[in-house]
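Please take these sequences and the hints and turn them into a complete structure.
As they're listed, the protein sequences go chains Y and H. Under numbering that gives the first Met the number 0, the first residue of the first sequence is numbered 0, with each subsequent residue one higher. Under numbering that gives the first Met the number 0, the first residue of the second sequence is numbered 0, with each subsequent residue one higher.
Don't read these hints as lab results, they were simulated from the structure. Hints are not guaranteed to be accurate.
Claimed, not checked - What the simulated footprint calls covered on chain Y by chain H, stretch by stretch (three residues with Cβ under 8 Å from a Cβ of chain H suffice, anywhere in the stretch; the number is not a length):
| # | region |
| --- | --- |
| 1 | 28-34 |
| 2 | 86-98 |
Said to hold, decoys possible - The calculated lysine to aspartate or glutamate pairs, modelled on EDC-like cross-linking and capped at a C-alpha distance of 20 Å, are:
| # | chain 1 | residue 1 | chain 2 | residue 2 |
| --- | --- | --- | --- | --- |
| 3 | Y | Lys85 | Y | Asp278 |
| 4 | Y | Lys139 | H | Asp70 |
| 5 | H | Lys91 | Y | Glu143 |
| 6 | H | Lys91 | Y | Asp144 |
| 7 | Y | Lys471 | Y | Asp380 |
| 8 | Y | Lys351 | Y | Asp380 |
| 9 | H | Lys91 | Y | Asp91 |
| 10 | Y | Lys94 | H | Glu68 |
| 11 | Y | Lys469 | Y | Glu418 |
| 12 | Y | Lys94 | H | Asp56 |
| 13 | Y | Lys139 | H | Glu73 |
| 14 | Y | Lys139 | H | Glu83 |
| 15 | Y | Lys85 | Y | Glu162 |
Note that beta-carbon positions come from the ideal geometry of N, C-alpha and C, so glycine has one too.
The primary structure of each chain is shown beneath.
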Amino acid sequence: MSQFAIPSGWEVVIGLEIHAQLATRSKIFSGASTAFGAEPNAQACAVDLGLPGVLPVLNEGAVRMASLFGLAIDAEISRVSSFDRKNYFYPDLPKGYQTTQLARPIVVGGSVTVTTGEGKKAGEHTIRVTRAHLEEDAGKSLHEDFHGMTGIDLNRAGTPLIEIVSEPDMRNPEQAVAYARKVHAIVQYLGICDGNMQEGSFRVDANVSVRPEGDEKLGTRTEVKNVNSFRFLQRAIEFEIERQIDLLETGGEVVQATRLYDPDRDETRLMRTKEEADDYRYFPCPDLLPVVVDDETIESWRAELPELPDAKAERYQSEYGLSAYDAGVLTSSRATAEYFEAVVAREGADAKLAANWVMGEVAALLNRLECEIGACPVPADKLADLLERIADGTLSNKLGREVFEALAEQGGSVDEIIEARGLKQISDTGAIEAMVDEVIAANPGQVEAYRGGKDKLFGFFVGQVMKAAKGKANPQAVNDVLKRRLAGD
Amino acid sequence: MSLTNDQLQTVAHLARIAVEPEWTEALRSDINGILDQARRLDDPRLNDLEPMAHPLDQVQRLRPDSVTETDQRETLMDGAPAHEQGLFLVPKVIE
Numbered sequence: 000m001s002q003f004a005i006p007s008g009w010e011v012v013i014g015l016e017i018h019a020q021l022a023t024r025s026k027i028f029s030g031a032s033t034a035f036g037a038e039p040n041a042q043a044c045a046v047d048l049g050l051p052g053v054l055p056v057l058n059e060g061a062v063r064m065a066s067l068f069g070l071a072i073d074a075e076i077s078r079v080s081s082f083d084r085k086n087y088f089y090p091d092l093p094k095g096y097q098t099t100q101l102a103r104p105i106v107v108g109g110s111v112t113v114t115t116g117e118g119k120k121a122g123e124h125t126i127r128v129t130r131a132h133l134e135e136d137a138g139k140s141l142h143e144d145f146h147g148m149t150g151i152d153l154n155r156a157g158t159p160l161i162e163i164v165s166e167p168d169m170r171n172p173e174q175a176v177a178y179a180r181k182v183h184a185i186v187q188y189l190g191i192c193d194g195n196m197q198e199g200s201f202r203v204d205a206n207v208s209v210r211p212e213g214d215e216k217l218g219t220r221t222e223v224k225n226v227n228s229f230r231f232l233q234r235a236i237e238f239e240i241e242r243q244i245d246l247l248e249t250g251g252e253v254v255q256a257t258r259l260y261d262p263d264r265d266e267t268r269l270m271r272t273k274e275e276a277d278d279y280r281y282f283p284c285p286d287l288l289p290v291v292v293d294d295e296t297i298e299s300w301r302a303e304l305p306e307l308p309d310a311k312a313e314r315y316q317s318e319y320g321l322s323a324y325d326a327g328v329l330t331s332s333r334a335t336a337e338y339f340e341a342v343v344a345r346e347g348a349d350a351k352l353a354a355n356w357v358m359g360e361v362a363a364l365l366n367r368l369e370c371e372i373g374a375c376p377v378p379a380d381k382l383a384d385l386l387e388r389i390a391d392g393t394l395s396n397k398l399g400r401e402v403f404e405a406l407a408e409q410g411g412s413v414d415e416i417i418e419a420r421g422l423k424q425i426s427d428t429g430a431i432e433a434m435v436d437e438v439i440a441a442n443p444g445q446v447e448a449y450r451g452g453k454d455k456l457f458g459f460f461v462g463q464v465m466k467a468a469k470g471k472a473n474p475q476a477v478n479d480v481l482k483r484r485l486a487g488d
Numbered sequence: 000m001s002l003t004n005d006q007l008q009t010v011a012h013l014a015r016i017a018v019e020p021e022w023t024e025a026l027r028s029d030i031n032g033i034l035d036q037a038r039r040l041d042d043p044r045l046n047d048l049e050p051m052a053h054p055l056d057q058v059q060r061l062r063p064d065s066v067t068e069t070d071q072r073e074t075l076m077d078g079a080p081a082h083e084q085g086l087f088l089v090p091k092v093i094e
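Structure follows, in structure tokens:
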């Protein structure tokens with residue numbers, strides 16, 4: 000947990016611009032593949048290279064995916080949208096302009112609700128989305144040394160993006176991260192973006208400004224780019240807030256600029272000031288006609304919408320009796336929800352037990368291995384087997400953890416591991432009675448003290464019996480037998 | 000409004016066009032002529048009209064999302080002044 004706190008007397012205003020690469024097979028304006036990791040320029044055709052005489056043709060899949068996002072956040076889907084050219088010169092943008100939607104974006108409005116904090120401190124915030132528009136991604140510049148030149152790979156050029164622009168509705172870094180995470184979850188639930196931040200499929204830029212509390216006027220903002228994880232997003236915003244407040248408190252002023260976050264030094268650095276960078280000379284793209292979507296098509300897309308995180312979390316509460324917090328954690332990513340649902344799909348599964356294991360042991364394991372739940376070495380069906388053995392009394396929770404570790408390390412089946420390691424819990428009453436009797440016989444002093452009213456000694460007896468059973472006795476059965484025997488039965 | 004010399008230089012820079020000092024006056028006069036034409040759009044009678052995105056009264060045809068282009072790297076690289084390891088090489092750019 001970070002130690003960051005916004006200094007009193009200041010208010011922070013944050014808006015986010017999120018670029019999500021759409022998971023289409025082909026590019027937004029050409030039939031070249033969008034698959035990641037191909038040989039450089041093997042997936043760049045004449046249209047992507049901006050060669051003279053070529054014409055873009057819009058990908059139906061990109062329009063559909065952008066609209067699905069709009070429907071998921073209750074936005075307006077524009078019946079007519081259009082494309083504009085944003086002009087700037089950079090070698091990885093061979094046309095000299097990016098085709099984007101300025102005047103009439105496909106998605107207008109909508110909102111995303113986020114929860115921050117836990118328990119009593121939990122708060123809900125609704126973040127308004129201004130718009131989400133379709134545009135094309137640029138290529139990549141490789142600045143390693145090619146005899147003092149720069150290498151250009153245009154495989155990414157023309158990959159469809161939606162840029163999701165929020166209103167400046169966030170007031171602290173936690174809300175900003177929660178919003179980014181929620182949008183990340185939504186695009187993955189919809190299957191319209193793979194959400195891979197390392198590979199740049201999901202990129203977040205933060206507009207940050209500060210103002211004295213009570214001021215109506217917004218402070219001068221800076222835009223922070225190059226944030227490729229949620230943790231860095233939080234750190235970058237925190238750094239920027241501190242930097243701006245320091246400047247203003249020492250009589251300086253904030254300069255409107257784009258800054259790059261450097262995770263190695265945990266700071267933001269000036270990339271460019273806004274003086275001329277903003278003059279993109281937008282104009283309507285003459286190569287593309289207005290995009291018209293009719294109501295029938297929109298309704299057919301609406302029918303495609305899967306169960307989204309908020310609805311799923313509500314269902315987990317009503318159907319499984321989970322707390323709002325647990326339901327929120329389990330639905331925070333589509334992969335986690337799918338894993339959990341696969342575990343509870345087992346007949347007779349205890350959802351609360353499953354939730355605790357997924358958020359506890361499974362999360363800890365993934366953390367330790369630094370891997371995603373989709374690649375969890377203990378697949379959902381194995382965990383379901385394991386929980387079945389806990390529910391039927393074969394394993395205690397403690398022994399269950401041992402089996403879980405074994406599953407993670409060497410695989411195999413739950414029953415084989417229980418058998419091979421002799422982990423079976425002792426639930427046989429006769430065996431437990433024998434151990435209890437031995438413990439009672441060996442500790443006459445404590446028995447007398449207990450019977451004389453020292454109730455706290457009960458734990459001592461449980462401990463002794465468990466020791467005798469090498470931890471494998473069924474705790475409930477031990478309690479029952481001990482109570483009876485100590486009462487003199 | 001008519002274009003000043005400074006504005007002319009800014010626009011030229013944005014378009015990456017080098018404007019020789021002796022062209023300045025002629026260019027300014029040409030561009031101001033174009034701006035005068037465009038100024039007709041300020042006519043208040045046009046205020047209620049929705050801006051037109053395209054002069055053709057047609058809508059965009061959509062393409063099914065399928066990969067139709069194959070790898071043409073070798074052919075496309077033939078026209079490049081410099082390339083190496085499958086990359087186009089350009090003069091060094093530092094942002």
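Tell me the numbers of any earlier hints that the structure contravenes, in ascending order. 7, 12
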